[in-house]
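Peer 1: Heads up: the protein sequence lines correspond to chains R and D, in order.
Following this note's numbering, the numbering of the first sequence begins with 23 at its first residue and continues without gaps.
Following this note's numbering, the numbering of the second sequence begins with 19 at its first residue and continues without gaps.
Hints are computed from structural coordinates only; laboratory data are not their basis.
Given the structure is predicted, the values throughout are model-derived calculations rather than measurements.
Take these hints with a grain of salt, some might be off.
Claimed, not checked - Distance condition first, Cα-Cα at most 27 angstroms in a straight line; then the derived DSSO-like pairs of lysine-lysine:
no.: 1; chain 1: D; residue 1: K27; chain 2: D; residue 2: K91
no.: 2; chain 1: D; residue 1: K27; chain 2: D; residue 2: K121
no.: 3; chain 1: D; residue 1: K91; chain 2: D; residue 2: K75
no.: 4; chain 1: R; residue 1: K79; chain 2: D; residue 2: K121
no.: 5; chain 1: D; residue 1: K40; chain 2: D; residue 2: K75
no.: 6; chain 1: D; residue 1: K121; chain 2: R; residue 2: K33
What the hints assert, rightly or not - Footprint (simulated), chain D over chain R, 3 or more residues, beta carbon under 8 angstroms:
no.: 7; region: 63-76
no.: 8; region: 126-137
Each residue gets a CB set at the ideal place from its N, CA and C atoms; glycine is no exception.
Spelled out, the chains give:
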Amino acid sequence: DTGVSQDPRHKITKRGQNVTFRCDPISEHNRLYWYRQTLGQGPEFLTYFQNEAQLEKSRLLSDRFSAERPKGSFSTLEIQRTEQGDSAMYLCASSLARQVGRSPLHFGNGTRLTVT
Amino acid sequence: AQRVTQPEKLLSVFKGAPVELKCNYSYSGSPELFWYVQYSRQRLQLLLRHISRESIKGFTADLNKGETSFHLKKPFAQEEDSAMYYCALSWGDSGYSTLTFGKGTMLLVSP
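Next comes chain R alone, as it looks inside the complex (with noise of 0.2 angstroms):
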């Protein structure tokens, strides 16, 4: 499968601990997008990547969240300090264009973490 990976796919985890999710895009993608969908709602923008460059960061993502792309390849999105309210679907994305209108997001199969 050369789509986009995402590991794990399930993380339960205790509130207070860290998590950290990977992300593999589709090799010759230079963007590389998280999102987080939450129960009932659609997808929601975290934060996006050109290449190693971390160009936005919605509002939602708070101080305790942490993504990185270190060699403009896979990608980690790290939680600290783990609340209820994370508990959510986190969705990676990539593409190959600056405009997703000129390409699309492709989407990974995405990590649920649940909070307990």
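Once you have looked at the hints, place chain D on chain R.
Peer 2: What follows is chain D alone, placed relative to chain R:
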């Protein structure tokens, strides 16, 4: 701020019936509109975009700037169309670089 509204959580139709999934947006500039679809146990994927003016799997959508709508239509629904459909918008202030999604509409096509 830009917003996408999909008023129906669930749309249930019989096979062969026409389908219209509604999408309204709020943005004062020139947006680009998309429909993404998620079939059962599959990833979210692009269905169509207004700039392409294409028909995909029999679905079409026309951007109506006067009514700020981008409704998705299909004349004859098929069972395999059952899925979650999300309307999404990109906007000029962001360089058309990101998407804002609606909450989605579940389409259920019964035999």
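Peer 1: Which of the listed hints are not met by the structure?
Peer 2: Per hint list: zero violations.
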